[in-house]
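What follows is each chain in one-letter form.
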Amino acid sequence: MLLASTITTADFKIVGGGAQITDQHLSSHATLDLSLDPRSATAIANGIPIIICIDLELVQNKLWPWSTTFLEWRYPVKLSYHSLSRRFTVTDQRKKSTAVFHTLGEALRQLDRFSVIEALPATIAKKQNLVVRIRARIDTESLPAPLRLISALLPPWNEQSQWHEWPVQ
Amino acid sequence: MNFRRALRPGPAIGLSIIFLAASLLLTPAVENKGLLGDFYGGLVALNIIGIVIMTTLTAINVYRLIRQFRAQVLGARLALRFVVIFALLAIIPLSLVYYFSVYFLSRGVDSWFDVRIEQALDDALLLGQTSLEATKTDVVIRLQRDAAQVAQTTSPFGIIKLLEDLRGEGDFSEMSLHSLSGRVIASSSSDAISLTPSAPDDTVFARIRQRKTYAQVEPLFDGGLQLRIAVPVISDRMGDPVRLLQGLYPLPLRYSRLGESVQSASDEYNRLKFLRQPLKLNFVITLTLVTLMTALIALWLAIYSTRRLVAPLRELAEGTRAVASGNYLKQLPVHSGDELGVLVSSFNQMTNQIRLAQEATADSQQQTEAQRTYLETVLTHLSSGVLSLAKDGTLRTHNTIAESILAVDLTAFEQRPITTLGDTHSQLAPLSSAITRHTQHNDQDWQDQIVLASPYGRQTLICRGTRLPETTETLSGYVIVFDDVSALIRAQRDAAWGEVARRLAHEIKNPLTPIQLSAERIRAKYLKHLAGDDQATLDRATRTIIAQVDLMKALVNAFSHYAQPMQLKPVTTELNRLLQDIIELHRQNKKINTFELDLDDTVPLVHIDPAGIRQVLNNLVINAADAMVGIPNGRLTLRTHQATRSKDRSVTLEVRDTGPGFPQELLGSIFDPYVTTKTKGTGLGLAIARRIIEEQGGSIQAENDPAGGALVIIQLPVSLDTKPTGPLEGITNTASSH
Numbered sequence: 006m007l008l009a010s011t012i013t014t015a016d017f018k019i020v021g022g023g024a025q026i027t028d029q030h031l032s033s034h035a036t037l038d039l040s041l042d043p044r045s046a047t048a049i050a051n052g053i054p055i056i057i058c059i060d061l062e063l064v065q066n067k068l069w070p071w072s073t074t075f076l077e078w079r080y081p082v083k084l085s086y087h088s089l090s091r092r093f094t095v096t097d098q099r100k101k102s103t104a105v106f107h108t109l110g111e112a113l114r115q116l117d118r119f120s121v122i123e124a125l126p127a128t129i130a131k132k133q134n135l136v137v138r139i140r141a142r143i144d145t146e147s148l149p150a151p152l153r154l155i156s157a158l159l160p161p162w163n164e165q166s167q168w169h170e171w172p173v174q
Numbered sequence: 139m140n141f142r143r144a145l146r147p148g149p150a151i152g153l154s155i156i157f158l159a160a161s162l163l164l165t166p167a168v169e170n171k172g173l174l175g176d177f178y179g180g181l182v183a184l185n186i187i188g189i190v191i192m193t194t195l196t197a198i199n200v201y202r203l204i205r206q207f208r209a210q211v212l213g214a215r216l217a218l219r220f221v222v223i224f225a226l227l228a229i230i231p232l233s234l235v236y237y238f239s240v241y242f243l244s245r246g247v248d249s250w251f252d253v254r255i256e257q258a259l260d261d262a263l264l265l266g267q268t269s270l271e272a273t274k275t276d277v278v279i280r281l282q283r284d285a286a287q288v289a290q291t292t293s294p295f296g297i298i299k300l301l302e303d304l305r306g307e308g309d310f311s312e313m314s315l316h317s318l319s320g321r322v323i324a325s326s327s328s329d330a331i332s333l334t335p336s337a338p339d340d341t342v343f344a345r346i347r348q349r350k351t352y353a354q355v356e357p358l359f360d361g362g363l364q365l366r367i368a369v370p371v372i373s374d375r376m377g378d379p380v381r382l383l384q385g386l387y388p389l390p391l392r393y394s395r396l397g398e399s400v401q402s403a404s405d406e407y408n409r410l411k412f413l414r415q416p417l418k419l420n421f422v423i424t425l426t427l428v429t430l431m432t433a434l435i436a437l438w439l440a441i442y443s444t445r446r447l448v449a450p451l452r453e454l455a456e457g458t459r460a461v462a463s464g465n466y467l468k469q470l471p472v473h474s475g476d477e478l479g480v481l482v483s484s485f486n487q488m489t490n491q492i493r494l495a496q497e498a499t500a501d502s503q504q505q506t507e508a509q510r511t512y513l514e515t516v517l518t519h520l521s522s523g524v525l526s527l528a529k530d531g532t533l534r535t536h537n538t539i540a541e542s543i544l545a546v547d548l549t550a551f552e553q554r555p556i557t558t559l560g561d562t563h564s565q566l567a568p569l570s571s572a573i574t575r576h577t578q579h580n581d582q583d584w585q586d587q588i589v590l591a592s593p594y595g596r597q598t599l600i601c602r603g604t605r606l607p608e609t610t611e612t613l614s615g616y617v618i619v620f621d622d623v624s625a626l627i628r629a630q631r632d633a634a635w636g637e638v639a640r641r642l643a644h645e646i647k648n649p650l651t652p653i654q655l656s657a658e659r660i661r662a663k664y665l666k667h668l669a670g671d672d673q674a675t676l677d678r679a680t681r682t683i684i685a686q687v688d689l690m691k692a693l694v695n696a697f698s699h700y701a702q703p704m705q706l707k708p709v710t711t712e713l714n715r716l717l718q719d720i721i722e723l724h725r726q727n728k729k730i731n732t733f734e735l736d737l738d739d740t741v742p743l744v745h746i747d748p749a750g751i752r753q754v755l756n757n758l759v760i761n762a763a764d765a766m767v768g769i770p771n772g773r774l775t776l777r778t779h780q781a782t783r784s785k786d787r788s789v790t791l792e793v794r795d796t797g798p799g800f801p802q803e804l805l806g807s808i809f810d811p812y813v814t815t816k817t818k819g820t821g822l823g824l825a826i827a828r829r830i831i832e833e834q835g836g837s838i839q840a841e842n843d844p845a846g847g848a849l850v851i852i853q854l855p856v857s858l859d860t861k862p863t864g865p866l867e868g869i870t871n872t873a874s875s876h
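Protein chains in written order, with the numbering used here: chain A, 6 to 174; chain B, 139 to 876.
Be aware that one or more of the hints could be misleading.
Said to hold, decoys possible - Covered stretches of chain A (chain B as the covering partner; in silico rule of three or more C-beta atoms under 8 Å from a C-beta of chain B):
(1) 49-61
(2) 87-98
(3) 101-114
(4) 142-153
Unchecked claim - Below, computed lysine to any residue pairings styled on SDA-like, alpha-carbon distance capped at 25 Å:
(5) A:K100 to B:T334
(6) A:K132 to A:F17
(7) A:K100 to A:H87
(8) A:K83 to B:A403
(9) B:K418 to A:S90
(10) A:K83 to B:Q267
(11) A:K101 to B:K418
(12) A:K83 to B:V342
(13) B:K418 to A:N163
(14) B:K729 to B:A845
(15) B:K274 to A:R114
(16) B:K274 to A:S90
(17) B:K411 to A:S90
(18) A:K83 to B:E356
(19) A:K83 to B:E406
(20) A:K100 to B:P388
(21) A:K83 to A:N66
(22) B:K411 to B:S244
(23) A:K101 to B:S244
(24) A:K101 to B:A845
(25) A:K101 to B:G361
(26) A:K100 to B:I331
(27) B:K468 to B:V480
(28) A:K83 to B:S394
It should be emphasised that the hints constitute simulated quantities derived from the structure, not laboratory data. Ideal Cβ positions, reconstructed from N, Cα and C, are used throughout, including at glycine.
Generate coordinates for the entire structure from the input sequences, incorporating the hints supplied.
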């Protein structure tokens with residue numbers, strides 16, 4: 006099987022992105038740079054699916070140090086290996102679609118471009134100083150039980166990117 | 139600290155149950171059963187917290203136990219021993235179970251995996267893949283044949299019609315024709331609501347551009363498998379571009395299920411193989427947590443149970459110690475109805491009985507003590523001396539008056555035979571002999587008059603003895619009661635002498651004057667008529683008569699004076715100054731070579747009649763001067779000091795000379811009338827001196843100085859005033875020698 010030839014170490018980054026509200030709809034997009042640790046890739050190849058979760062939050066910055074979170078969304082994408090067809094699959098639960106790839110690297114590159122449109126309540130859409138925050142992480146809760154305790158304590162299973170935010174246009 | 143409150147079982151058992159339940163829940167959680175699997179991490183955290191809490195609690199309890207053991211607190215040793223035994227009983231089997239559990243767990247997990255099973259699964263998967271390949275090859279051939287027909291068709295509607303027919307004939311779920319630029323030329327789908335066909339990706343187009351076929355099995359989102367087949371459509375007509383014909387062929391349900399089943403089994407096996415070490419680690423962690431929690435709970439419960447078990451024993455030991463130290467009021471609380479409760483109840487009954495007995499004994503002792511005190515008080519205030527003797531003649535007890543009368547410390551003779559009293563003090567030999575004699579004869583009641591020759595004069599005792607009834611060995615014996623009747627006898631004798639003197643003075647003094655007058659008349663009338671020897675004889679006879687009458691008159695006057703009551707006027711007097719005045723009058727006495735005054739300046743004022751004392755001292759000085767006639771360097775010493783012999787507050791005056799001293803045989807009666815060592819003395823001087831001294835509340839004793847010479851010791855009462863009230867001047871010298 007073709008594991009990710011480019012994968013060396015786990016590293017989740019948010020390269021860039023943007024957001025704007027149009028007609029009470031929040032349109033967000035981000036460029037991700039995701040790579041997995043060889044141990045995670047091996048786990049996928051051994052039939053253990055890994056769910057990469059993209060968390061999106063709509064917050065309002067204020068004068069005080071903390072901000073108010075209005076809405077938050079969670080977009081899980083399952084990475085798995087289909088041994089019968091010898092292909093890596095990316096299953097988007099939200100879109101209810103499965104994409105097939107020859108390599109894990111191709112599958113990860115499929116996730117590099119993230120875009121979403123969500124409807125907003127009118128009260129929130131009118132607010133000022135809104136900020137969109139985004140991060141990508143491995144959903145450790147979805148791992149098999151034996152890995153769950155380890156994932157809480159050790160890398161690479163607890164891999165996650167920093168929060169990246171940008172103002173809503 | 140409320141010890142019982144600390145031992146309340148509620149919190150301890152509640153905490154133990156919570157932590158034990160948390161550790162037991164780890165088992166289903168590690169198997170990923172339902173919700174517990176989701177909370178596995180939380181359960182592990184809860185167990186770790188529980189272990190930390192239990193470890194802390196156990197450590198605190200063990201520390202307290204060790205500290206109590208070092209402080210030698212009652213029951214701490216027993217508690218520590220119980221805890222160690224309980225801990226060993228719990229931990230040793232638990233450790234063995236843990237060790238073998240880990241061992242068999244590891245072996246058990248390893249036994250899940252087998253090379254043959256793995257190979258079989260791989261072969262099954264390969265078989266499935268091969269079967270799919272065969273199907274795929276067949277579908278590719280069919281689609282290539284269809285592509286040839288499409289290539290021959292030029293009409294767009296014809297193509298659509300053709301795709302519709304071909305899709306139906308070939309059991310494709312979708313068939314679409316694309317240009318290499320990605321544009322959909324025509325499509326046909328079994329899904330009526332699908333508007334656009336599934337677009338092939340770049341990989342598919344790349345294959346078609348290379349005039350190659352693309353065929354791939356794809357899993358569907360809803361389950362099942364489909365074949366995505368793409369073949370190039372190449373027309374014979376010049377100028378027609380190469381197109382892409384894609385067919386989505388759903389694998390038959392039977393194939394899909396078999397394939398999914400094989401894949402599922404293979405994936406599950408691979409997943410387990412991959413998770414083998416984490417699984418072992420999870421099991422070991424779970425087992426370790428459960429074991430640790432169980433051990434700590436067992437240890438803590440052991441400490442808790444030990445403390446509960448030892449608490450009544452400790453209270454019992456403390457109670458026993460209290461009873462041993464004499465606290466019979468100690469009552470212990472009864473907390474249970476078990477054997478320990480019965481033991482504590484019995485202890486309380488025992489202490490109660492002891493307390494009642496102790497109170498009865500104390501009452502009895504108190505009564506006995508009161509009776510003894512009463513008896514001692516009576517005996518102490520008796521004017522008689524009392525001795526109690528054992529049956530064998532051993533001195534048992536005495537009262538203080540007995541010591542005062544006998545002038546010895548009788549305490550030193552207690553529990554010793556009464557004969558030792560006479561052996562030690564020879565003057566008491568008559569007393570001890572009389573007592574010994576009567577006790578040896580076992581006389582019931584007896585009475586003797588015993589005369590003791592003490593250094594201070596003759597002492598007459600009236601001694602009565604009684605044999606005690608022989609009720610018990612300790613109470614049998616004798617009681618001796620004696621009185622010093624010396625003063626009484628002396629008073630009686632003095633009274634008799636006074637009466638004699640008074641009668642003598644009265645009966646003799648009356649005829650003396652006529653005798654003297656008659657003698658003087660005879661002398662006056664007949665002396666001048668006689669001559670020669672007759673005249674001389676008459677002259678000598680009448681002179682003798684007159685002189686002897688004068689002498690008898692003086693003697694009678696002395697008796698009269700002795701018989702008359704003393705007219706003394708005691709005043710507060712400075713004794714040292716009085717003595718110096720008296721001595722000054724005697725400085726010219728040639729019989730005394732040296733006067734020595736050893737006067738203590740600190741002696742207090744005395745309450746005396748100065749004239750009486752002056753008379754006494756004049757007598758004593760004259761007696762001393764007479765006694766030292768012919769003795770060279772005769773010395774008279776007067777010494778005053780605070781009294782040491784008498785218990786009363788008094789001043790002692792000692793008059794000491796260097797003469798021959800008193801004859802030993804006269805020492806007991808030297809102060810009796812008509813006792814004298816002088817040839818011309820009346821024998822009344824010292825008797826009068828004693829009367830003067832005793833009339834003023836003092837005492838006088840005579841003894842011989844061991845260094846030689848006579849020693850007269852006078853005790854004079856101390857005045858309560860702080861200033862002299864009696865003038866010393868004008869006191870006439872009444873010195874006279876008798």
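Hint by hint, here is what the structure shows:
Proximity of the stretch 49-61 of chain A to chain B, defined as three or more residues with a beta carbon under 8 Å from a beta carbon of that chain, is established by the 3 residues found. For the stretch 87-98 of chain A, the stated coverage by chain B is satisfied: 8 residues place a CB nearer than 8 Å to a CB of that chain, which reaches the threshold of 3. Requiring three or more residues with a Cβ within less than 8 Å of a Cβ of chain B, the coverage given for the stretch 101-114 of chain A holds, as 5 such residues are present. Evaluation of the coverage hint for the stretch 142-153 of chain A: fulfilled, as 6 residues show C-beta separations to chain B shorter than 8 Å, against a requirement of three.
Between the alpha carbons of K100 of chain A and T334 of chain B the distance comes to roughly 16 Å, so the proposed pair stays at or under 25 Å and holds. Between K132 of chain A and F17 of chain A, the direct Cα distance comes to roughly 31 Å. Violation of the 25 Å bound is thereby established for this hinted pair. The hinted pair formed by K100 of chain A and H87 of chain A meets the criterion: a straight-line CA distance of about 19 Å does not exceed 25 Å. Note on K83 of chain A and A403 of chain B: the hinted pairing holds, with a Cα-Cα distance of about 20 Å set against a maximum of 25 Å.
Between K418 of chain B and S90 of chain A the alpha-carbon distance is near 31 Å, which puts this suggested pair outside the 25 Å criterion. Using a Cα cut-off of 25 Å, the hinted pair K83 of chain A and Q267 of chain B holds, with the two alpha carbons roughly 23 Å apart. Restraint check for K101 of chain A and K418 of chain B: the C-alpha separation of about 36 Å exceeds 25 Å, so the hint is violated. The hinted pair formed by K83 of chain A and V342 of chain B meets the criterion: a straight-line CA distance of about 23 Å does not exceed 25 Å.
With a C-alpha separation of about 20 Å, the suggested pairing of K418 of chain B with N163 of chain A holds against the 25 Å cut-off. Between K729 of chain B and A845 of chain B the alpha-carbon distance is near 20 Å, which keeps this suggested pair within the 25 Å criterion. With a CA separation close to 28 Å, the supplied pair K274 of chain B and R114 of chain A exceeds the 25 Å bound. Restraint check for K274 of chain B and S90 of chain A: satisfied, since their Cα atoms lie roughly 11 Å apart, inside the 25 Å limit.
As the CA atoms of K411 of chain B and S90 of chain A are separated by approximately 21 Å, the hinted pair is consistent with the 25 Å bound. Annotation: proposed proximity of K83 of chain A to E356 of chain B holds, straight-line Cα distance about 16 Å (limit 25 Å). For the hint linking K83 of chain A to E406 of chain B, the alpha-carbon distance of about 17 Å falls within 25 Å, and the restraint holds. Between K100 of chain A and P388 of chain B the alpha-carbon distance is near 21 Å, which keeps this suggested pair within the 25 Å criterion.
For a cut-off of 25 Å, the pair hint linking K83 of chain A to N66 of chain A is broken: about 32 Å separates their Cα positions. The suggested pairing of K411 of chain B with S244 of chain B holds, with an alpha-carbon distance near 13 Å, which does not exceed 25 Å. This hinted pair does not check out: K101 of chain A and S244 of chain B have alpha carbons roughly 41 Å apart, beyond 25 Å. The suggested pairing of K101 of chain A with A845 of chain B is violated, with an alpha-carbon distance near 144 Å, which exceeds 25 Å.
In summary, the hint linking K101 of chain A to G361 of chain B is supported, as the alpha carbons are separated by about 11 Å, within the 25 Å threshold. Between K100 of chain A and I331 of chain B the alpha-carbon distance is near 17 Å, which keeps this suggested pair within the 25 Å criterion. A hinted pair counts as satisfied when its Cα atoms are at most 25 Å apart, and K468 of chain B with V480 of chain B qualifies at roughly 16 Å. Distance restraint check for K83 of chain A and S394 of chain B: the Cα-Cα separation of roughly 21 Å lies within the 25 Å cut-off, and the hinted pair is therefore satisfied.
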